[in-house]
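For reference, the chains in residue letters:
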Amino acid sequence: MEYYRPTSVEDAVQILGRSPGAACMAGGTDLVVAMRSHKRGPHAIVDLSGLGLDTWIFDDASNRPAKVKTQGTKKAGNDEQRLGPGWRIGATVTMAVLKTLEDEDNLGVGLLADAASQVGATQIQNRATAGGNLCNGSPAADAVCAMVALDALIEIAGPTGAETMPIGKFLLGPGRVNLEPGQFLTGIFVPAHDMKKSSVALQEYRKVGSRTSLVIAVAGLAARTVLDKGKVVESRLALSSVAPTCIRATEAEAYLTGGPLSPDRIREASHLAREEARPITDLRATDQYRKEMVSALVTDHLTRAAALAQ
Amino acid sequence: MQPKPIEEVTVTINGRKERLAVDPAKRLLDVLREDLGLTGTKEGCGKGECGACTVLIDGRPVNSCLVLVGSVDGHEVLTIEGLAQPDAAMHPVQQAFVEQGAIQCGFCTPGAVLTAVSLVDSQPAADEEAIRRYMAGNLCRCTGYTKIVSAVKTAYEILSERKGAGRRKKEC
Ligand SMILES: Cc1cc2nc3c(=O)[nH]c(=O)nc-3n(C[C@H](O)[C@H](O)[C@H](O)COP(=O)(O)OP(=O)(O)OC[C@H]3O[C@@H](n4cnc5c(N)ncnc54)[C@H](O)[C@@H]3O)c2cc1C
Ligand code: FES
Ligand code: FES
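Respectively, the protein sequence lines represent chains A and B. Residue 1 is where the first sequence starts when you use the working numbering, and the numbers rise one by one after that. Residue 1 is where the second sequence starts when you use the working numbering, and the numbers rise one by one after that.
If you are wondering where the hints come from, they were derived from the structure by calculation, not from laboratory data. Quick caveat, the model's predicted, so the values are computed rather than measured. Among the hints, erroneous ones may be present.
[To be verified] With a Cα cut of at most 20 Å, we get these calculated SDA-like pairs of lysine to any residue: (1) B:K4 with A:V9; (2) B:K4 with A:G52; (3) A:K39 with B:K26; (4) A:K99 with B:G59; (5) A:K99 with B:E129; (6) A:K99 with B:T10; (7) A:K39 with B:K4; (8) B:K47 with A:I216; (9) B:K47 with A:R40; (10) A:K99 with B:D58; (11) B:K4 with A:G158; (12) A:K39 with B:A25; (13) B:K26 with A:H43; (14) A:K99 with B:P124; (15) B:K47 with A:R284; (16) B:K4 with A:S19; (17) B:K4 with A:R18; (18) B:K26 with A:G182; (19) B:K4 with A:G17; (20) B:K4 with A:A44; (21) B:K47 with A:N136; (22) B:K47 with A:A34; (23) A:K99 with B:R133; (24) B:K47 with A:V33; (25) B:K26 with A:V9; (26) B:K4 with A:V33; (27) B:K4 with A:D11; (28) B:K26 with A:G50; (29) B:K4 with A:G21; (30) B:K4 with A:H43.
Please take these sequences and the hints and turn them into a complete structure.
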């Protein structure tokens with residue numbers, strides 16, 4: 001097997017272009033396990049750790065046009081997306097680094113940090129990357145769930161140049177992501193979600209499993225609830241492990257927005273989220289149990305958000 | 001110029017620079033045990049779950065069963081063999097594991113010691129919960145975790161005693 005460790009994005013594109021059977025490797029925490037169990041048998045490995053994509057910056061949007069074209073799927077055409085300030089995070093930034101992204105102003109990135117801190121255990125967090133979590137395509141990926149909640153954008157390099165797409169278009173199903181042959185992920189953009197000084201926010205990632213570390217979620221919730229004068233002004237509820245990809249509970253979000261967090265409304269929102277989940281039964285849990293957990297996670301989050309607003 | 005595959009790996013292991021003519025897609029764990037005879041690093045599960053294979057790369061604990069050696073080119077690896085010289089004093093974490101009896105069969109010990117070393121190096125103080133969380137990737141099938149946690153607490157005490165002693169010496 002050939003092993004490449006390119007030092008520029010251009011070289012990586014070139015290698016991937018001429019070796020169709022090659023696999024990208026970032027931290028290797030999914031790929032090496034898959035190779036050992038003969039689920040993957042690439043002809044070549046393209047190790048992305050030498051590309052310098054292991055840092056993040058906060059981009060205050062002052063140096064770029066306010067509008068960029070973001071490419072949707074080829075069929076869906078282009079969307080225009082307004083890009084404000086946010087975090088540019090390289091594809092090979094590890095969970096250990098992500099979890100240090102402090103968010104004193106509750107601009108959203110703290111939710112990603114919280115999810116990253118719950119991936120695997122210390123050793124895994126030192127290797128597992130943001131890009132690997134995405135490209136592995138697992139519906140149980142913790143950091144991905146937070147990215148879905150925060151409307152992250154995915155940055156891609158490939159033979160036809162760079163492109164950016166919304167995360168919802170990138171995640172296709174279990175083990176499947178929207179990368180054409182020769183393309184790879186170079187980074188993600190996490191928009192800063194501003195809020196008024198008078199608002200309060202609760203943003204957190206919670207997952208259910210048999211223990212707190214080294215566990216694949218049976219169900220997970222990445223949530224951000226912002227309240228102003230007792231009413232919900234922003235509701236983000238993303239669910240992991242209960243559908244073919246991490247999904248948003250859009251009906252529950254729409255229902256919550258604009259109203260107070262009364263016990264009745266919390267109950268109704270939890271019910272809506274439960275019905276939006278489309279889980280399967282597997283060796284870790286039944287579909288019914290997963291639905292119950294979605295309801296419990298949402299109730300728990302909203303109850304604590306309500307207490308915060310008192 | 002066309003980018004070429006790499007064929008050898010240069011890595012500093014326990015302070016010594018090694019140029020290794022091995023398959024870069026070989027696991028670091030296997031290179032350590034088979035090519036370098038460093039059998040202190042153990043293989044338990046082989047899939048990132050038990051921590052027996054833990055080594056430090058640039059001071060951070062990783063599962064060497066999931067690391068391909070090509071990816072550590074240019075980096076520093078510390079295994080249990082490199083923690084203390086044979087004729088020198090034990091590392092405070094090693095001493096603490098001995099004092100607390102945090103070892104039975106010893107299979108998990110090299111990995112647990114190295115994770116604890118990185119904890120005491122990176123966090124000046126850690127309470128019981130932080131210790132348990134940091135060490136959660138190191139499973140032990142016989143000692144149980146109470147003694148391991150006590151050993152990490154003792155390591156912090158030994159370290160602060162040694163620091164205090166160093167300071168007293170300077171003051172004299
Ligand atoms: C013991 C253990 C515990 C774990 N616990 C958790 C957990 O709690 N939560 C969780 O979410 N995950 C967990 N994982 C899964 C894994 O650690 C994460 O998914 C991790 O983020 C993968 O990142 P990586 O860099 O190691 O990916 P790699 O293994 O390097 O790659 C994963 C896949 O993505 C592709 N890929 C990687 N980077 C790119 C890129 N930039 N562009 C294109 N393709 C790319 C690879 O070809 C491969 O198919 C665990 C894994 C193990 C072994
Ligand atoms: S052998 Fe590497 S974690 Fe178990
Ligand atoms: S001492 Fe035997 S596994 Fe820990």
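Verification of the supplied hints:
Restraint check: the Cα-Cα separation between K4 of chain B and V9 of chain A comes to about 15 Å, which is no more than 20 Å; the hinted pair holds. A threshold of 20 Å between alpha carbons decides the hint, and for K4 of chain B with G52 of chain A the separation of about 19 Å falls inside it, so the pair holds. For a cut-off of 20 Å, the pair hint linking K39 of chain A to K26 of chain B stands: about 17 Å separates their Cα positions. A C-alpha spacing of about 18 Å is found between K99 of chain A and G59 of chain B, which places the hinted pair at or below 20 Å, so the restraint holds.
With a C-alpha separation of about 17 Å, the suggested pair K99 of chain A and E129 of chain B falls inside the 20 Å cut-off, and the hint holds. Taking the CA atoms of K99 of chain A and T10 of chain B, the gap is near 30 Å; set against the 20 Å cutoff, the hint is violated. The straight-line distance between the Cα atoms of K39 of chain A and K4 of chain B is roughly 26 Å, outside the 20 Å bound, and the hint therefore fails. For the hint pairing K47 of chain B with I216 of chain A, the CA-to-CA distance comes to about 14 Å; that is within 20 Å, so the pair holds.
At roughly 15 Å between alpha-carbon atoms, K47 of chain B and R40 of chain A fall within 20 Å of each other, so this suggested pair holds. Distance check on the hinted pair: K99 of chain A and D58 of chain B sit about 19 Å apart at the alpha-carbon level, within 20 Å; holds. Between the alpha carbons of K4 of chain B and G158 of chain A the distance comes to roughly 19 Å, so the proposed pair stays at or under 20 Å and holds. With a CA separation close to 16 Å, the supplied pair K39 of chain A and A25 of chain B stays within the 20 Å bound.
Using a Cα cut-off of 20 Å, the hinted pair K26 of chain B and H43 of chain A holds, with the two alpha carbons roughly 14 Å apart. For the hint pairing K99 of chain A with P124 of chain B, the CA-to-CA distance comes to about 19 Å; that is within 20 Å, so the pair holds. Between K47 of chain B and R284 of chain A, the direct Cα distance comes to roughly 18 Å. Compliance with the 20 Å bound is thereby established for this hinted pair. Only pairs whose Cα atoms come within 20 Å are accepted, and K4 of chain B paired with S19 of chain A is accepted, the gap being roughly 12 Å.
Pair hint K4 of chain B plus R18 of chain A holds up; C-alpha atoms about 12 Å apart against a cutoff of 20 Å. The straight-line distance between the Cα atoms of K26 of chain B and G182 of chain A is roughly 25 Å, outside the 20 Å bound, and the hint therefore fails. A threshold of 20 Å between alpha carbons decides the hint, and for K4 of chain B with G17 of chain A the separation of about 14 Å falls inside it, so the pair holds. For the proposed pair K4 of chain B and A44 of chain A, the alpha carbon gap of about 12 Å is at most 20 Å, so the pair holds.
For the suggested pair K47 of chain B and N136 of chain A, the alpha carbons sit about 16 Å apart, so the restraint of at most 20 Å is met. For a cut-off of 20 Å, the pair hint linking K47 of chain B to A34 of chain A stands: about 9 Å separates their Cα positions. Proposed proximity of K99 of chain A and R133 of chain B is supported: the alpha carbons are some 14 Å apart, at most 20 Å. Of the pairs offered as hints, the one joining K47 of chain B and V33 of chain A holds, with about 6 Å between alpha carbons and a cut-off of 20 Å not exceeded.
Of the supplied pair hints, the one linking K26 of chain B and V9 of chain A is violated, its CA atoms being roughly 24 Å apart against a limit of 20 Å. Of the supplied pair hints, the one linking K4 of chain B and V33 of chain A is violated, its CA atoms being roughly 26 Å apart against a limit of 20 Å. A hinted pair counts as satisfied when its Cα atoms are at most 20 Å apart, and K4 of chain B with D11 of chain A qualifies at roughly 10 Å. The hinted pair formed by K26 of chain B and G50 of chain A meets the criterion: a straight-line CA distance of about 18 Å does not exceed 20 Å.
Annotation: proposed proximity of K4 of chain B to G21 of chain A holds, straight-line Cα distance about 16 Å (limit 20 Å). Taken as a hint, the K4 of chain B and H43 of chain A pair is honoured in the structure, with Cα atoms around 15 Å apart against an allowance of 20 Å.
In this structure, the hints that do not hold are numbers 6, 7, 18, 25 and 26, in rising order.
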